[in-house]
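**Q** Chain by chain, the residues run as shown.
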Amino acid sequence: MDLADLTRELETLRADALAAIAGAPDSATLEALELDVLGKKGRLTTVLRGIGALPPDDRPKVGAVANAVRGAIESALAERGAEVRSTELAARLAAEAVDVTTPGRPVRRGTLHPSIEAMREIAEIFEQFGFVTYESPEIEDDRTNFQMLNIPPDHPARDLWDTLYVDVEGKLLRTHTSPGQIRVMQAERPPIRALLPGRCFRYEAVDASHASEFFQVEGLMIDEGTTMADLKGLLDQFAKAMFGADKRTRFRPGYYPFTEPSVAFDVECLVCGGSGCPACGRSGWMTILGAGMVHPVVLQYGGLDPERYQGFAFGMGPERIKMLKHGITDLRLFLENDLRFLEQFR
Amino acid sequence: MRVPLSWLRDYVDVQLAPEQLAERLTLLGMEVRTVEAWGAGWEGVVVGQLLAVERHPRADRLSLTRVDVGSGEPLEIVCGATNIAAGQRVPVALPGAVLPGNRRIERTEKMGVVSNGMLCSGDELDLTGDADGILILPVEARIGAPLAELYGDTVLDVDVKPNRGDALCMIGLAREVSAVTGAPVRFPATDPPESTDRIEDHLQVEVEEPVLCPRFVGRWVSGVQIGPAPERIQRRLIAAGQRPVSNVVDVSNYVMLELGKPIHTFDAAAVRGGRIIVRLARAGERLETLDHVIRELEPETLLIADPSGPLGIAGVMGGATSEISDATTGVIVESAIFDPVSIRRTAFRYALRSEASLRFEKGQEHRLARLGADRTARLIAEWAGGRVATGVVDTNPTEPAPARLAFRPARVNRLLGVELPTAEQRDLLARVGVPTDVAPAGTRIAVSSEPMPLEVEAGGAETLIATIPSWRRDLAIEADVAEEVVRVRGYDVVPAILPHTPMPHYRHSPLRLRHMVRETLAGAGLTEAVTFALVSPTLVERFGPSDDPPVPGEGEAGGRPVTVTNPLSSQHSVMRQSLLGSLLEVVSTNLRQDRLDVAIFEIGKGYGATDEDDSTHEWWRLAFALTGAAEIPAWNRPPRPYDLDDAKGVIELLARRLGLPGPNYVALTDDPRLHPGRAARVTAGDGLAGRVGSLHPGLLDDLELRAADVVVAELAIAGLSGGQPSSPRSVTPSRHPAVDRDLAVIVADSRPAAEVEATIRRHGGPLLRSVVLFDIYRGRPLGDREKSLAFRLAFQAEDRTLTENDLDGAIEAVTRGLAADVGGHLRT
Numbered sequence: 110m111d112l113a114d115l116t117r118e119l120e121t122l123r124a125d126a127l128a129a130i131a132g133a134p135d136s137a138t139l140e141a142l143e144l145d146v147l148g149k150k151g152r153l154t155t156v157l158r159g160i161g162a163l164p165p166d167d168r169p170k171v172g173a174v175a176n177a178v179r180g181a182i183e184s185a186l187a188e189r190g191a192e193v194r195s196t197e198l199a200a201r202l203a204a205e206a207v208d209v210t211t212p213g214r215p216v217r218r219g220t221l222h223p224s225i226e227a228m229r230e231i232a233e234i235f236e237q238f239g240f241v242t243y244e245s246p247e248i249e250d251d252r253t254n255f256q257m258l259n260i261p262p263d264h265p266a267r268d269l270w271d272t273l274y275v276d277v278e279g280k281l282l283r284t285h286t287s288p289g290q291i292r293v294m295q296a297e298r299p300p301i302r303a304l305l306p307g308r309c310f311r312y313e314a315v316d317a318s319h320a321s322e323f324f325q326v327e328g329l330m331i332d333e334g335t336t337m338a339d340l341k342g343l344l345d346q347f348a349k350a351m352f353g354a355d356k357r358t359r360f361r362p363g364y365y366p367f368t369e370p371s372v373a374f375d376v377e378c379l380v381c382g383g384s385g386c387p388a389c390g391r392s393g394w395m396t397i398l399g400a401g402m403v404h405p406v407v408l409q410y411g412g413l414d415p416e417r418y419q420g421f422a423f424g425m426g427p428e429r430i431k432m433l434k435h436g437i438t439d440l441r442l443f444l445e446n447d448l449r450f451l452e453q454f455r
Numbered sequence: 016m017r018v019p020l021s022w023l024r025d026y027v028d029v030q031l032a033p034e035q036l037a038e039r040l041t042l043l044g045m046e047v048r049t050v051e052a053w054g055a056g057w058e059g060v061v062v063g064q065l066l067a068v069e070r071h072p073r074a075d076r077l078s079l080t081r082v083d084v085g086s087g088e089p090l091e092i093v094c095g096a097t098n099i100a101a102g103q104r105v106p107v108a109l110p111g112a113v114l115p116g117n118r119r120i121e122r123t124e125k126m127g128v129v130s131n132g133m134l135c136s137g138d139e140l141d142l143t144g145d146a147d148g149i150l151i152l153p154v155e156a157r158i159g160a161p162l163a164e165l166y167g168d169t170v171l172d173v174d175v176k177p178n179r180g181d182a183l184c185m186i187g188l189a190r191e192v193s194a195v196t197g198a199p200v201r202f203p204a205t206d207p208p209e210s211t212d213r214i215e216d217h218l219q220v221e222v223e224e225p226v227l228c229p230r231f232v233g234r235w236v237s238g239v240q241i242g243p244a245p246e247r248i249q250r251r252l253i254a255a256g257q258r259p260v261s262n263v264v265d266v267s268n269y270v271m272l273e274l275g276k277p278i279h280t281f282d283a284a285a286v287r288g289g290r291i292i293v294r295l296a297r298a299g300e301r302l303e304t305l306d307h308v309i310r311e312l313e314p315e316t317l318l319i320a321d322p323s324g325p326l327g328i329a330g331v332m333g334g335a336t337s338e339i340s341d342a343t344t345g346v347i348v349e350s351a352i353f354d355p356v357s358i359r360r361t362a363f364r365y366a367l368r369s370e371a372s373l374r375f376e377k378g379q380e381h382r383l384a385r386l387g388a389d390r391t392a393r394l395i396a397e398w399a400g401g402r403v404a405t406g407v408v409d410t411n412p413t414e415p416a417p418a419r420l421a422f423r424p425a426r427v428n429r430l431l432g433v434e435l436p437t438a439e440q441r442d443l444l445a446r447v448g449v450p451t452d453v454a455p456a457g458t459r460i461a462v463s464s465e466p467m468p469l470e471v472e473a474g475g476a477e478t479l480i481a482t483i484p485s486w487r488r489d490l491a492i493e494a495d496v497a498e499e500v501v502r503v504r505g506y507d508v509v510p511a512i513l514p515h516t517p518m519p520h521y522r523h524s525p526l527r528l529r530h531m532v533r534e535t536l537a538g539a540g541l542t543e544a545v546t547f548a549l550v551s552p553t554l555v556e557r558f559g560p561s562d563d564p565p566v567p568g569e570g571e572a573g574g575r576p577v578t579v580t581n582p583l584s585s586q587h588s589v590m591r592q593s594l595l596g597s598l599l600e601v602v603s604t605n606l607r608q609d610r611l612d613v614a615i616f617e618i619g620k621g622y623g624a625t626d627e628d629d630s631t632h633e634w635w636r637l638a639f640a641l642t643g644a645a646e647i648p649a650w651n652r653p654p655r656p657y658d659l660d661d662a663k664g665v666i667e668l669l670a671r672r673l674g675l676p677g678p679n680y681v682a683l684t685d686d687p688r689l690h691p692g693r694a695a696r697v698t699a700g701d702g703l704a705g706r707v708g709s710l711h712p713g714l715l716d717d718l719e720l721r722a723a724d725v726v727v728a729e730l731a732i733a734g735l736s737g738g739q740p741s742s743p744r745s746v747t748p749s750r751h752p753a754v755d756r757d758l759a760v761i762v763a764d765s766r767p768a769a770e771v772e773a774t775i776r777r778h779g780g781p782l783l784r785s786v787v788l789f790d791i792y793r794g795r796p797l798g799d800r801e802k803s804l805a806f807r808l809a810f811q812a813e814d815r816t817l818t819e820n821d822l823d824g825a826i827e828a829v830t831r832g833l834a835a836d837v838g839g840h841l842r843t
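Protein chains in written order, with this note's numbering: chain Y, 110 to 455; chain X, 16 to 843.
Read the hints as simulated data drawn from the structure, not as lab findings.
Computed from a prediction, not measured in an experiment: that's the story for all the values here.
It is possible that some hints are incorrect.
[As the list claims (entries may be wrong)] Some chain X residues near chain Y, calculated using beta-carbon distances under 10 Å:
| # | residue |
| --- | --- |
| 1 | A146 |
| 2 | L536 |
| 3 | S630 |
[As the list claims (entries may be wrong)] Derived SDA-like pairs (lysine to any residue); straight-line CA-CA distance at most 20 Å:
| # | chain 1 | residue 1 | chain 2 | residue 2 |
| --- | --- | --- | --- | --- |
| 4 | Y | K356 | X | L513 |
| 5 | Y | K349 | X | L513 |
| 6 | Y | K356 | X | V508 |
| 7 | X | K802 | X | E772 |
| 8 | Y | K356 | X | P510 |
| 9 | X | K802 | X | V754 |
| 10 | Y | K150 | Y | P165 |
| 11 | X | K663 | Y | V216 |
| 12 | X | K663 | X | H840 |
| 13 | Y | K170 | Y | L153 |
| 14 | Y | K434 | Y | D355 |
| 15 | Y | K349 | X | P510 |
| 16 | Y | K150 | Y | N176 |
| 17 | Y | K149 | Y | G161 |
| 18 | Y | K356 | Y | A388 |
| 19 | X | K125 | X | L79 |
| 20 | Y | K149 | Y | E183 |
| 21 | Y | K150 | Y | T138 |
Cβ atoms here follow ideal geometry from the backbone N, Cα and C, with glycine treated the same way.
With the hints as extra help, turn the sequences into a complete structure.
**A** If you want it as structure tokens, here you go:
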């Protein structure tokens, strides 16, 4: 083989390879071609083995041709490779496409009970004003539930709390969270700002607005200069936080044996905005809680001097707060645990 | 209390519109619950004049009337009453009218004659008690006018609070109206016209129990004629919620509603010797009460008696033998005051709470005894034509001196957070009949009342002394004065401010850990339930307290169940000792509504009692129940039911969230509620203990749960009752790679995986970081009673990259340990 033969073979190789590359349908074919032409045992190497038989002067010439051929093939491979990969990518993307409008795979999420959540929301609001949470027993003694709250045995005010009694001497199921006031006063020195959430019981026929078991949140604040104006300010803040900053509120007289003076706290009707509707009994107001200045008898049972200390207590029903807030019309739903009801909350 | 405005106006002028009056009374503390248009039930009832009353052509007992109702042609109406005559004015229900009780009147045919409506009796209109005759209207009634124009009224329903017994009557509410408007109160005339008879000749009263009956005033009226009370009175009583009975009985109800003084009247003929004795019942005595129930009297019962025996239960209910009847001609009037506590106990004991006992319970003004007796005698004479004997029998005529209550205007202001000048406070008190004076030096202030009375020196503070009207038994301490001042002034005087007094010390919320658990479980797909603490005896029997190991700081379950002695129903009569039964009821409720996948939890209490010391205790638990689809079914996911592993996964998630070690499970085979092969005791360090398992199939059947499997758990968790979650120590992750080794361990099929895993951990050496079970294999080539457990072991050092040699030593040790401790060998 002489220079011309070798050169011709290299040109033939170039022409064959370029044609094959141009016609290669996919990247696998290209990779095979690359190996076949440019690989260690490829055709180019095979041709160049003949170079050793050439005179030394001719070798660089063949080398130059061979490099040109290699360069041409490499760039053809790269060029065609890019084309083929791009086609292949497009095909893959097309093949992988899904109907993105189908619903996602659901992740199960439970919901939190509205009564307990209401108590948490109430606590979050009052915590901003320094109130701290306590708990007290549900099976209470008559003395703490009534007598120490200025409700002696056989007092007509007992009619306000129809009571469930139990088969343990002197005990009953607490009818309100107010006995917690006594327990907090006995355990702490003023300044006191306490919240007492928990379950309560009444001998009460069940209907849309009465339950034999329900929750209450008691509030208690006592110090040397705690006044009814503080009570009004805090409750007003509470109502605005819970029901909206534009809501008007008012105090009107109420009655509880353990507060004096006692008040009912009203917020403007959430349905009609105060103009009067069936939901508010046409009064324009909805009562959300009862409150008052702690009665001196109660302060003394709590171990506090009523001449020095004064303060207020309030008690509210978290279910009622939720009913007003979400338009729930039947109190029974709270203990029925129908998932269709519970799952409406978060 | 129902208050017809027309009646109230007898005692005070009311210029305000009813709605305004209601609002003002509410803001004064007399909450008006409803403002009712009385007569709204008479739609389509008009005044008619009878033009003719003739016999019905085909029925002897019916009349055919022609009635002018003021609209052209007279109407022909058939009527069965006999008290009608031409010329009278009567109420006519026109066709289409709806009477009280939702009774619709239509044009009907009666024995061949068309009746164009109905003539109404007082009873049919809820106006009087007379059901026999047609209500005859006054001649001045305008023909064709709606009946409401004639007899319509407005009735306020006032919620009088228990401390204001004085306001449970027209006079009491008139005083409140007066406080609002300033209009004077007109007390009705009480003096009866007296005859020449002397009461001493007819009536003697002995009070054996002056503490229980501090005052008894009697009057004697003879020659009465029993009949209906005047219609105007009947109308008032009905509007106020009382059924008219007869003139004499109606007087006592009328006086009670007017003055707040319960009155009892006896047929004088039934009181032997005209002698009344107020005494306690004797053992074995019986009495037939007005409701015709024969009652065994208990010895603590205060009686009104005559020498031959009991006449009535004092203040609660009269006896049948001395009841006013049509034949009564002589009447003894009892206007007494009784001990409130005694009355309340007696009324409860015999389940006989009445309008009268309610008023006695709240305490009675001393002078009302005399006023009530006089007013009653006067009205009997007026309505029933009797002669009132001269004088009264009065066991305690001495009026107590009015109470005086000292207060400091500055203290009133301090309590309320206001700055009301002294003069204004005095004006406000005067409006509710409380005059004030400057207190003499050295006056002591009643700061607190019984049973914790406290009086203090006024010191240098300005002090006033209020004279308390005899009817205001509720004004006893300085704070009561503050309430009077502010309720009359209106609570809008109290500003809304934010506290500027010192803050209390920080305190962790005892609810914090509970909220963490709730959020975690909700995130894991469980919905929070809140169920009754009071459950049925069956449920308590079936789901008793679990004997799980104690968790520090958390109450142990136990003690006997606490039972309600006056339950509303047996379904809610015992305090539960486990949450599981309650949750299964929730599962059942939802399954019955075709809600087949249920994942719920509750954090609640169990309750128990210890009889030795009459103590009770309460313990917090978390329980959950899972049934149905573990994941919400989706088009691209096959359904998978909840099983035990899901429940364990939830517990493991909780343990991680609360910083507890991974839970350990031990087979639990003897809990009758749980599947003996699918239940475990679970503990996580000393921070969690309880049980988890599939419900026993037998129980599933007993509870009629339509589910293949329900997995439940009940757990005590440290901190649930108020403790705080622990804070974990942080560890810097090693910078050197971990190396995994997989081991397949062949052990007996009965060997719990947890034991094998524990063995591996025990022998794995200090470099072993984790052991994870990733496969369980049974079948060839293993023996019948063998299984292969595949674990992935991760090893890691803090200071270097591990070599094969490091691992070989550890694996060698594990292999030896498995052989020795659990009889296992590696599968190669």
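**Q** Now look at each hint and say whether the structure bears it out.
**A** Outcome of the hint check:
no. : hint            : in the structure
1   : A146            : 32 Å, violated
2   : L536            : 6 Å, holds
3   : S630            : 8 Å, holds
4   : Y:K356 - X:L513 : 17 Å, holds
5   : Y:K349 - X:L513 : 14 Å, holds
6   : Y:K356 - X:V508 : 19 Å, holds
7   : X:K802 - X:E772 : 14 Å, holds
8   : Y:K356 - X:P510 : 16 Å, holds
9   : X:K802 - X:V754 : 26 Å, violated
10  : Y:K150 - Y:P165 : 24 Å, violated
11  : X:K663 - Y:V216 : 19 Å, holds
12  : X:K663 - X:H840 : 28 Å, violated
13  : Y:K170 - Y:L153 : 15 Å, holds
14  : Y:K434 - Y:D355 : 14 Å, holds
15  : Y:K349 - X:P510 : 16 Å, holds
16  : Y:K150 - Y:N176 : 17 Å, holds
17  : Y:K149 - Y:G161 : 17 Å, holds
18  : Y:K356 - Y:A388 : 16 Å, holds
19  : X:K125 - X:L79  : 10 Å, holds
20  : Y:K149 - Y:E183 : 15 Å, holds
21  : Y:K150 - Y:T138 : 17 Å, holds
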